[in-house]
Amino acid sequence: MKARAAVFASIRRSLGVHGDEAPRRFEVETRLEAAPAGVVPKRGQGDIPARLATFKAEAERAQASLAEVAGWADAPAEIARFLRENNCPATLRMGADPRLTGMPWSETALEILHGASDGRDVNAVSAAFAGIAETGTLALVSGADNPTTLNFLPDNHVVVLPREAILPDYESAFAKLRATYGKGGAPRTLNLITGPSRSADIEQTLLLGAHGPRRLHIVIVGEG
Amino acid sequence: MNEAGTSAHFKENVHEALTDARLQGALGFSRNFVGRRAAAVARLPEFEALRDSARAIKDHTLAHLDLYLEAYERKVRESGGEVHYAQDAEEAREIVIGLCKAMGAKSVTKGKSMIAEEIGLNHALEAAGIEPVETDLGEYIIQLRGETPSHIIAPAIHLTAKDVEQEFRRAHRDLPADRSLAEPEQLLSEARQVLRAKFLAADVGVTGANFLIAETGTSIIVTNEGNGDLTQILPQAHIVIASIEKVVPTLEDAAQLMRVLARSATGQDASVYTTLSTGPRRPGDPDGPRAYHVVILDNGRSAMLGGEFEDMLRCIRCGACMNHCPVYQAVGGHAYGWVYPGPMGAVLTPSLIGVAEGGQLPNASTFCGRCEQVCPVRIPLPNMMRHWREREFERRLSPAPLRYGLGFWAFFASRPALYRLATDVTARAMRLAGRNKGRFSWLPFAGGWTRYRDLAAPEGATFQSQWRAKSGAVR
Chain A
1 MKARAAVFAS IRRSLGVHGD EAPRRFEVET RLEAAPAGVV PKRGQGDIPA RLATFKAEAE
61 RAQASLAEVA GWADAPAEIA RFLRENNCPA TLRMGADPRL TGMPWSETAL EILHGASDGR
121 DVNAVSAAFA GIAETGTLAL VSGADNPTTL NFLPDNHVVV LPREAILPDY ESAFAKLRAT
181 YGKGGAPRTL NLITGPSRSA DIEQTLLLGA HGPRRLHIVI VGEG
Chain B
1 MNEAGTSAHF KENVHEALTD ARLQGALGFS RNFVGRRAAA VARLPEFEAL RDSARAIKDH
61 TLAHLDLYLE AYERKVRESG GEVHYAQDAE EAREIVIGLC KAMGAKSVTK GKSMIAEEIG
121 LNHALEAAGI EPVETDLGEY IIQLRGETPS HIIAPAIHLT AKDVEQEFRR AHRDLPADRS
181 LAEPEQLLSE ARQVLRAKFL AADVGVTGAN FLIAETGTSI IVTNEGNGDL TQILPQAHIV
241 IASIEKVVPT LEDAAQLMRV LARSATGQDA SVYTTLSTGP RRPGDPDGPR AYHVVILDNG
301 RSAMLGGEFE DMLRCIRCGA CMNHCPVYQA VGGHAYGWVY PGPMGAVLTP SLIGVAEGGQ
361 LPNASTFCGR CEQVCPVRIP LPNMMRHWRE REFERRLSPA PLRYGLGFWA FFASRPALYR
421 LATDVTARAM RLAGRNKGRF SWLPFAGGWT RYRDLAAPEG ATFQSQWRAK SGAVR
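If you read the protein sequences in the order shown, they are chains A and B.
Okay, so the first sequence: first residue is 1 according to my numbering, each after it adds one.
Okay, so the second sequence: first residue is 1 according to my numbering, each after it adds one.
Just chain A, with the same shape it has in the complex (with noise of 0.2 Å):
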């Protein structure tokens, strides 16, 4: 607590406050209540079809592979496809979201894991709390449903999108966040995944697969 009250006194005194000045705190209030979103980019901008373009030609510059499925139920064969052709082993490891829990499965010939990852899995599948067009990225969040090592842990990371859930950018992100979690709330852990894994630490040579996925697959769900 000494160091609290040193340290604030001392930002106080630089600034030449005393912390109490009712405009500085409406300010501050104004502008936390009212989170101004500033330059936003048009490159994500649109409708659902030119963000779905947008988010599949950003996501492929960031290395991730990308798959169109008509509905939920035709998400199975095509991550059983996506692991086939990679030489990857059936197993697949998944949290409890209903999203995927009730896809059927049982059509696939995989071996199907249910829980959080102790880093001896090389599959997963997440879905996706939403998807960005401006940088292709995925947001993913986690809670009961949702294990977050699902997500760095093994080699090949699937995640399935909606649709509906590619939203322009970053600040539509966070309205949905908002509606979600409730303002000033948010949940553990939301992840912001452009690609997979990556390091340029020896001699500037771009390598993936660092210390998450090797690849990483969306599956976009939805019809248009």
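One should not assume that every hint holds.
Claimed, not checked - With a straight-line cut-off of 20 Å between C-alpha atoms, the simulated SDA-like cross-links for lysine to any residue are:
no., chain 1, residue 1, chain 2, residue 2
1, A, K2, B, R43
2, A, K183, B, L44
3, B, K11, B, E390
4, A, K2, B, A303
5, A, K183, B, L175
6, A, K42, B, L44
7, B, K198, A, K42
8, A, K2, B, E90
9, B, K198, B, D178
10, A, K2, B, E82
11, A, K56, B, R43
12, A, K42, B, R435
Stated by the list, open to error - FRET-style restraints, in silico, Cβ to Cβ:
no., chain 1, residue 1, chain 2, residue 2, range
13, A, E111, B, L175, 28 to 36 Å
14, A, R99, B, A330, 37 to 45 Å
15, B, N363, A, Q63, 40 to 48 Å
16, A, T205, B, T366, 23 to 31 Å
17, B, W467, A, T205, 46 to 54 Å
18, A, G102, B, P283, 21 to 29 Å
19, A, R61, B, W467, 48 to 56 Å
20, A, A57, B, Q464, 58 to 66 Å
Unchecked claim - Going by beta-carbon spacing under 8 Å, a handful of chain A positions derived as facing chain B:
no., residue
21, V7
22, S10
23, R25
24, R163
25, D201
None of these hints come from the bench; they were simulated from the model.
Ideal Cβ positions, reconstructed from N, Cα and C, are used throughout, including at glycine.
Use these hints to put chain B onto chain A, whose structure you have.
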């Protein structure tokens, strides 16, 4: 006390760096950043407007820093986390070590954090019998070598793949000696395998923060490897260490800054992993840390507010200034002798460790101005280096020959007739003396110059006499 450095020996460090053939070879890698940044900027028409927006957000936050910190702190507590304040490096170390000991921690994984470097956290953990494990690939490599980062976003940029291979063979003794490590992919794969075990075994994870959000009590880290995420979700506790100026008002403000950060740093439109963390594991969560602590460090920053170096607190640690700096490109990061290299380091270091220790660094500039041209938050870096030079001179810290030399020059420069006469005579004498070779490899009173390069002999009259002749002709 801060982590010790060698900034006071900048000149000796530079001499060593310039004659280090291995380092000079490796420094070429950092030139890739320039083209990548330019390409990313060219793809985003709003980039310049975003720089203005980023600057305005930082200025607004700094002017209300006490109130935003209060708001941030309140939200962290609401989400079940704890906030600790540290006035200096020693207090910050004590808080982190205290938390680790209370949890009985034996090993601590670490995401990349310049604040951890600033407070010398690894040494302190080791002294307390706790193993610190750097998990960013570059940080891991330099930890094995017992080195400090030479770049704020590419800590091992001074090394070649060959250096990394040698280090891995020395450190990873339990792996087969005849394994191939000729390809960078094999080095990466080996680090992934070795560090995966460390991630799973760690008791505490320590990360820095790119931003703290007052609106939600959230800390943000930005990585490409995913190491910061494994650091913070697997252990029992997540400790965030961040300095006071990392706070921003809202999620929207963070988005403005993220848009300029990744592009300025690596030339990516977005980093692979931008992670927003708010408090510890919640009821029903299948994973995540059970405790969440934030250590907020001042260490001299609050004293910079309201003064001539306040603009430096806008810095978002992208590294663009050093990537575009001819001095950094020539000598690398270690020559700067403390945690922060390049133009941002030359301005920040004297503020944090004092002008007596770090006062030489602002001289490491050609004043070409490229750092300011690329700075995403428009920090007037050359101007601020000039301020430091003035302070160094005022405090009589610059070397005696420089002080007397400047005094000598000032005597003539403030007497125009005498100045013209003296320069005319000198130019003629030098033209005469150098007429055979056209250059001097040695000159009296200029040994500091001619030791490293020749001085060209003047070919004609002085600038002033040429100007007089030319303007006379025009009239």
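Outcome of the hint check:
1. Proposed proximity of K2 (chain A) and R43 (chain B) is contradicted: the alpha carbons are some 49 Å apart, above 20 Å.
2. Restraint check for K183 (chain A) and L44 (chain B): the C-alpha separation of about 30 Å exceeds 20 Å, so the hint is violated.
3. For the given pair, K11 (chain B) sits about 19 Å from E390 (chain B) by alpha-carbon distance, which is consistent with the 20 Å threshold.
4. Restraint check for K2 (chain A) and A303 (chain B): the C-alpha separation of about 18 Å stays at or below 20 Å, so the hint holds.
5. Note on K183 (chain A) and L175 (chain B): the hinted pairing is violated, with a Cα-Cα distance of about 52 Å set against a maximum of 20 Å.
6. Restraint check: the Cα-Cα separation between K42 (chain A) and L44 (chain B) comes to about 9 Å, which is no more than 20 Å; the hinted pair holds.
7. A threshold of 20 Å between alpha carbons decides the hint, and for K198 (chain B) with K42 (chain A) the separation of about 43 Å lies outside it, so the pair is violated.
8. With a C-alpha separation of about 14 Å, the suggested pair K2 (chain A) and E90 (chain B) falls inside the 20 Å cut-off, and the hint holds.
9. For the given pair, K198 (chain B) sits about 24 Å from D178 (chain B) by alpha-carbon distance, which is inconsistent with the 20 Å threshold.
10. Between K2 (chain A) and E82 (chain B) the alpha-carbon distance is near 16 Å, which keeps this suggested pair within the 20 Å criterion.
11. With a C-alpha separation of about 16 Å, the suggested pair K56 (chain A) and R43 (chain B) falls inside the 20 Å cut-off, and the hint holds.
12. The hinted pair formed by K42 (chain A) and R435 (chain B) fails the criterion: a straight-line CA distance of about 63 Å is larger than 20 Å.
13. Look at E111 (chain A) against L175 (chain B): about 31 Å separates their beta carbons, and that is inside 28 to 36 Å.
14. Take R99 (chain A) and A330 (chain B): their Cβ atoms lie about 56 Å apart, and the range 37 to 45 Å is violated.
15. A beta carbon spacing of about 43 Å between N363 (chain B) and Q63 (chain A) agrees with the range 40 to 48 Å that was offered as a hint.
16. A hinted range of 23 to 31 Å for the beta carbons of T205 (chain A) and T366 (chain B) is consistent with their spacing of about 30 Å.
17. Between W467 (chain B) and T205 (chain A), the C-beta spacing of about 52 Å keeps the proposed range 46 to 54 Å intact.
18. Distance hint check: the CB atoms of G102 (chain A) and P283 (chain B) are about 24 Å apart, consistent with the given range 21 to 29 Å.
19. Our hint of 48 to 56 Å for R61 (chain A) and W467 (chain B) holds, since their Cβ atoms are close to 54 Å apart.
20. Checking the proposed 58 to 66 Å range against A57 (chain A) and Q464 (chain B) shows it holds: the Cβ atoms sit about 59 Å from each other.
21. Annotation: interface hint on V7 (chain A) holds; nearest CB of chain B at approximately 5 Å, less than 8 Å.
22. With a cut of 8 Å, the hint placing S10 (chain A) at the interface with chain B holds, because the nearest CB-to-CB distance is about 4 Å.
23. Below 8 Å, beta-carbon pairs count as interface contacts, and R25 (chain A) has one with chain B at about 6 Å; its hint therefore holds.
24. Because the closest C-beta pair between R163 (chain A) and chain B is about 21 Å apart, greater than 8 Å, the hint is violated.
25. The interface hint given for D201 (chain A) holds, since its Cβ lies 4 Å from the closest Cβ of chain B, which is under the 8 Å cut-off.
When held up to the earlier numbered hints, the structure conflicts with 1, 2, 5, 7, 9, 12, 14, 24 and fits the remainder.
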